[in-house]
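J.: Go ahead and model the full structure; you've got the sequences and the hints to work with.
Order-wise, the sequence lines are chains A and B.
Each residue of the first sequence is one higher than the one before, counting from 201 in the working numbering.
Each residue of the second sequence is one higher than the one before, counting from 1470 in the working numbering.
Read the hints as simulated data drawn from the structure, not as lab findings.
Please note: incorrect hints may appear among the correct ones.
Below, in silico cross-link-like pairs of lysine to aspartate or glutamate (EDC-like), each with a Cα-Cα straight-line distance of 16 Å or less [claimed, not checked]: (1) Lys1656(B) with Glu485(A); (2) Lys1524(B) with Asp1477(B); (3) Lys1570(B) with Asp482(A); (4) Lys250(A) with Glu307(A); (5) Lys1656(B) with Asp482(A); (6) Lys1656(B) with Asp520(A); (7) Lys1656(B) with Glu558(A); (8) Lys499(A) with Glu1558(B); (9) Lys1626(B) with Asp1605(B); (10) Lys1626(B) with Glu1646(B); (11) Lys499(A) with Asp1555(B); (12) Lys499(A) with Asp1554(B); (13) Lys1656(B) with Glu476(A); (14) Lys1626(B) with Glu516(A); (15) Lys1670(B) with Asp520(A); (16) Lys1656(B) with Asp524(A); (17) Lys1570(B) with Glu485(A).
Chain by chain, the residues run as shown.
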Amino acid sequence: MRRLELWRSTAFRMAVSFAVLFVLTFVISGFVMYQVMRADLSHSLDETAKETFSVVAATYDGSDLEDLIATVKSHTKLTSPHERLFSLSGPDGSHLAGNFTGMDVPEGYSVIGDIPGVQADGTYRAYSGAVGANRLTVALSYSQTERLEEIVLTGFIWATLIVAALAVAGGAAIASRIQRRLDAIATTMGDVSQGRLGARIPLLGNGDDIDGVSTQVNEALDRLSALVEGMRQVSSDIAHDLKTPLNRLQIILEAAEYGSSNGEDITGQLVEARAESRQINDTFEALLRIAQIEAGARKARFAEVDLDAIVNSIAEIYTDVAEDSGMSLLARRTLQGPGGLVHGDAELLTQMFANLVENALRHCPAGTKIELSVRREGDRVTASVADDGPGIPPEEHENVFRRLYRIEKSRSTPGSGLGLSLVRAIADLHGATIRLEDRRPGLGVEATFSASRGGHS
Amino acid sequence: MRLLIVEDDQRTADYIVRGLTEAGHICDCLSDGHDGLFAATRDNYDVIVADRMIKGLDGLSMVKAARAAGVATPVLFLTAVAGIDDRVEGLEAGGDDYLVKPFAFSELLARINALGRRPPAQEQRSILRVADLEMDLIRRRVIRQGQAIDLQPREFKLLEMLMQSEGRVITRTMLLERVWDFNFDPKTSVVETHISRLRAKIDKPFETPLLHTVRNIGYSLHAPA
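T.: Rendered as structure tokens:
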């Protein structure tokens, strides 16, 4: 089983492939080297044969055959017939000196074997030529060359075996090292899929490619676990925030049940119960809406919309509402023409500014002035909703965008704590930045969009 | 009116059918999309109320198929699918209105009434009249008892809708959708404020009020009974 797994591993397959390639290269280069060496050896054997022939032949000065015979005899005596053979024959073919005779050796180089009268077997390289009227043949045994070749071949085979063994062992070692690291990644991912989101891939710290991939996976896991943690937080917030109205609802219904059994009129309690259930549903709906906006599918419906027109329509809708609450709402029109065009969703942007205005209406006392404006700076369009009410302390500026977050003092006023989260979600969808500004007194909310290209004036 | 209800949650279906029957409508109730499609193409209903997630054929496909088969009956989608895109999808598939669960029964009833008695498109009138109140849609003028009344554009649109639905209850949500283009519920009294402004202009100076508040439900414009 384990072997099967090893063979499946990419690293091991790669190591084996490289080992095979390596050994193959080694064998081919060895074979070439061996051939070159053999050619060189046979060449030098030829040289030696010719040289010996010349040395012996030099003793003959054209008349004194005895000297030549003596030289051949002494050479014959001095060297083993296993290494060198000499033969000197007269013009009539008669044997004059040397270890062998009667052979019909052609002039020049030749290979001879099975020489009669010679104990040694094997083949010889012969050089034969005329010395005066006589014939001198020098033959050198191949045995030396053959032994050398044998040594080289044996060495080469051993070397090949060692190289192959090392290549396979080294490959397996590297493969198992890589395999261990891949296994570590697999184990970590297995842990994560089991729900242990804290698991991270161990790093070697050498900055290699596996470390690089592991770092990226770890970063993705960090982000994932932060998101999951955020969702867990929101879910528990939701549960907590819905528990209070659900509890109230239950109390109201219990009271109604009791009242009804005593024959009392319970219409008031039923109206209350309806209001509570409506509140619960509103919270749910707002959460769903935020989730859907954050999912981003809405982007497909984006079109050119006039931010200036949207803000002014909001101003028009809420002017009377503000007046009824003893406040005043004013839209400052500074833009002319298409300067306020942005790429977006008119319905969502309307809701965004409605939420901001309603936020001001709900949290400000009578007498507050609310001002809406849209301005163009370069390729940015900024819409702002500003009031001179009590404002929000600067340290709370980031918090108010969090889901279900409510500043302590606003807990008593109605609202789900989701209005500004929705504003943030819509701004994010549009790639707009939201900035809260402490106007002392009052709060300014600025949303800055990139102007759409058609809006260049 | 004769209504077709396609809803597969038995309790919701019972509740709707009971309420609508009490309101004087005749209801056929089915729980399967294929049956619904068959009934819609076979019988002549005044309004079809369709849940989006039902057995067999889903509500959206059912309405698409019915429209393709030439059924012109107004359709109200009734659904827990409250996505901002889902409403658009429902209307694109051939729905005429969209109501999200959980809903108030009065809201459903008001919307069914509005759908069922919608005047045919060719019968566009240029002058609307309710009792002694008159609206000229072309000259954008409102006159009551010979007196011209000056209305803001939004107030004009609000009054126009109420006059066109004379005698019927229009809910707060319906007004928000159709007069303000708000597909969300504002937390402040947008509707109430504008209604009270409108009332101050068309009713206060005169003896008989025409604009009536229907408690917890909406508003209705009609001559005194």
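J.: Each hint needs a verdict: does it hold in this structure or not?
T.: Here's how the hints hold up against the structure:
| no. | hint | result |
| --- | --- | --- |
| 1 | Lys1656(B) with Glu485(A) | holds (13 Å) |
| 2 | Lys1524(B) with Asp1477(B) | holds (7 Å) |
| 3 | Lys1570(B) with Asp482(A) | holds (12 Å) |
| 4 | Lys250(A) with Glu307(A) | holds (12 Å) |
| 5 | Lys1656(B) with Asp482(A) | holds (10 Å) |
| 6 | Lys1656(B) with Asp520(A) | holds (15 Å) |
| 7 | Lys1656(B) with Glu558(A) | holds (7 Å) |
| 8 | Lys499(A) with Glu1558(B) | holds (15 Å) |
| 9 | Lys1626(B) with Asp1605(B) | holds (12 Å) |
| 10 | Lys1626(B) with Glu1646(B) | holds (12 Å) |
| 11 | Lys499(A) with Asp1555(B) | holds (14 Å) |
| 12 | Lys499(A) with Asp1554(B) | holds (11 Å) |
| 13 | Lys1656(B) with Glu476(A) | holds (15 Å) |
| 14 | Lys1626(B) with Glu516(A) | holds (14 Å) |
| 15 | Lys1670(B) with Asp520(A) | holds (14 Å) |
| 16 | Lys1656(B) with Asp524(A) | holds (15 Å) |
| 17 | Lys1570(B) with Glu485(A) | holds (10 Å) |
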